[in-house]
Amino acid sequence: MVSTLILLSATGLGLAALYFLVASGLSLIFGLMDVLNFAHGAFVAVGGYAAWTVADHVAGGFGLGLALIAAVAGGAALAALTELFIIRPLYARPLDQVLATVGLGLAIPALLQAVWGADPRTWTLPGWLAGTVNLLGAHIPTVRFVLIAAALALLGGLRLLLARTRAGLVVRAGVENREMVAALGIDVHRAFTGVFALGGAAAGLAGLLDGLYQGSISPGDGTSLLIFAFVVVVLGRMGSLTGTAVASAAVGLVQQFANYLSPNLGDESVVILLAAVLLLRRRDLKGRPA
Amino acid sequence: MSPNRPLIPARATSAIASSGGTARRAALVVLALVLLYAIPYSTVQLPGVFDGPLDSPGTLQLLAVCLVFAGLALSYDLLFGHTGIMSFGHGLFVTGGMYVTTILVDHAGYSLLISALAGLGVGLVAAVVLGAVALRVDGIGFAMVTLAFGQAVSLLVVSGSPALTGGEQGQTLNAAAVPAALSGIRNTANLYWLALAYLALCAAVVWWLTTSIPGRMMRAVKENQQRVEVLGLNPYLFKLLAFVIAGVLATGGGVIYLLLLGGATPTVSGSDFTLGLLVMVVLGGAGRRWGVVAGGVLYAYADQSLTRLSGSSSVASLPGLLRSPLQQPLFLLGVSFVAVVFFLPGGLATLPARLRASTMPMRGMPITRRHRAKRDAVNAKSREEVAPRG
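Going down the list, the sequences are from chains A and B.
Just so you know, numbering that gives the first Met the number 0 puts 139 at position 140 of the first sequence, and the rest follows in order with no gaps.
Just so you know, numbering that gives the first Met the number 0 puts 105 at position 106 of the second sequence, and the rest follows in order with no gaps.
Check before you lean on any hint, since a few could be wrong.
Not the full set, but computed from the structure, chain A residues with beta-carbon under 8 Å of chain B [to be verified]:
#  : residue
1  : L80
2  : L83
3  : R87
4  : A99
5  : G102
6  : L110
7  : L124
8  : W127
9  : L160
10 : T164
11 : V230
12 : V233
13 : L277
Source of the hints: derived by calculation from the structure; they are not laboratory data.
Glycine is no exception: its CB is placed at the ideal position from the N, C-alpha and C atoms.
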């Protein structure tokens, strides 16, 4: 009984880590720029395929290290390019920014499918990752701990970045009041590109880890992850990092425990959780009184 | 009399123009309906556009799907273009209409009509409940929440209870329950007319609604929600009304689409389907009815033809690097969507005005009907302010 509880919690937290990697970027981008980035799932998928291709050519732990770099660099580069060439020319038309990311979100996974095919590509994990860890009688796959560690590292890194650096100060101020920051003579647009690249890097990392978690990748993976990341962003209040982390954990755990009671109940219970929170909450998405 | 004042006041001319415009527009609508109605009697060949003559079952089926999608696009535009709320859960109503009808016919043995009515009832209740919850958040939050609802329905349909819904394969509608006039290849024309009737119904509802007081309130909510609140009215109720009407229309579209396909398919529940509706509306021109209809027809035609085209020999002979992206309809649609957002804001509906503007180099800006009406209104107002009556 206890081992089942531990196993479910570890699986739920592993999933929550994935949600956090995707949702933290979404949340920061929305908080700073008011852009709901529908192309974020495509960043995840591109990171995943970049990592898979590298690991396919270079075997072992060294290959996995290179794959990690490829995933992060691929996601960050695609995100920065998206911001520079798609989002930036449309600053005066906020709705069209969202629509353009919708178009990208449709086109990029289709392009991936054209190149790598619709069938899932399987990951072969190096030996030390493929095993399980015995925790109080529960055999938990090692990958779950890697996921949780990555999410915690990202949370800590982002907190430090936001709290201790000048760039973080600009981002925090921009989330509060973008016009005021621009009026003080600070180039907010550079912060926009930076936040996009950072979110893309986290999404690319999520692409790699999602592949390790599921054991395979397919072109639509990023998009299905994106939907739950949206739920997390809404629950965690946009622009708030702590809120996103707590909401990720809640969604991941609720999903896993409900799935244990009955398969398919997990996803439905997440939507019910979302509806309940919306009904009970008296504040808007950025936490201001509605 | 000041030199720049026209002989007839601007407001009077615009009233005359709009009454003439209404008559002309009504004539255009009737003409379009008559032409569309007559298509199954025509044997015209359009090589390159359709494989067979216009009255062949294959062509009629393709056209019928285009008309249903145009109707769905109109229902979506009621939300997006007219009321200014972006829903990503519109596909769930299409799914509801399709699956409730199929399940009641196949598993409960009710007649098609009763099942379809029950489907519409479920659509109505779902629209009221989901709208009431989701509209508690604005803008982007609403988009995300409706996306989550749509995903929940999709999961329910694909993996909830495969015995009822047929899982990923979908569920064939029991052919014995379908009236003889609506089944079989020879009766494709009847299905085509049914689809045309659906489009006409959607158009009539949207046209009528935009001239009614609730419809004007919806447009006011889109233009300036705070102002509506300051006037002491509740924007929430008008948004909910738009959501419910659009939801019921989409449920009806699901029933018609079910009859066209002969079974329920889970593709309508996916997020790609709802995003497709958004693409249709933006492609045609949000808030512009002819544009939206054109966008729906074009999208449906492109979606079906690109799938066919991708298997054709002309594409297969291209080098691999060029060929494989061209075999993905979603890639082409996504890229063309981004292109329209970038280079043709306002969609295809603004194309005539742009072309006119480019052939008349003296006018820098494309002047659309709406621009002209706004300009007249502003002129009339400023004249009143400058020279008060009496």
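>> Is the interface hint satisfied for L277(A)? The criterion is a beta-carbon contact with chain B at less than 8 Å.
In response: With Cβ-Cβ at 5 Å, under 8 Å, it holds.
>> Quick check on the hint: L80(A) CB to chain B CB, less than 8 Å?
In response: violated (13 Å)
> Is the hint on W127(A) kept, meaning its closest Cβ partner in chain B is under 8 Å away?
Replying inline: Violated: closest Cβ of chain B sits about 34 Å from W127(A), beyond 8 Å.
> Should the hint that L124(A) touches chain B count as held when the rule is a Cβ pair under 8 Å?
Replying inline: violated (27 Å)
> Close enough to count: is the Cβ of L160(A) nearer than 8 Å to one in chain B?
Replying inline: With Cβ-Cβ at 25 Å, over 8 Å, it is violated.
> When the nearest CB of chain B is found for V230(A), is that gap smaller than 8 Å?
Replying inline: holds (5 Å)
> Should the interface hint for T164(A) be scored as holding, given a Cβ-Cβ cut-off of 8 Å against chain B?
Replying inline: violated (28 Å)
>> For the restraint on A99(A), tell me whether the closest CB of chain B is nearer than 8 Å.
In response: This interface hint holds because 5 Å falls under the 8 Å limit.
> Does the interface hint hold: is G102(A) within less than 8 Å of chain B, judged Cβ to Cβ?
Replying inline: holds (4 Å)
> Taking the closest Cβ pair, is R87(A) under 8 Å from chain B?
Replying inline: violated (12 Å)
> With a cut-off of 8 Å, does the beta carbon of L110(A) approach a beta carbon of chain B closely enough for the hint to hold?
Replying inline: Since chain B brings a Cβ to about 5 Å from L110(A), closer than 8 Å, the hint holds.
> Should the hint that L83(A) touches chain B count as held when the rule is a Cβ pair under 8 Å?
Replying inline: violated (14 Å)
In this structure, the hints that do not hold are numbers 1, 2, 3, 7, 8, 9 and 10, in rising order.
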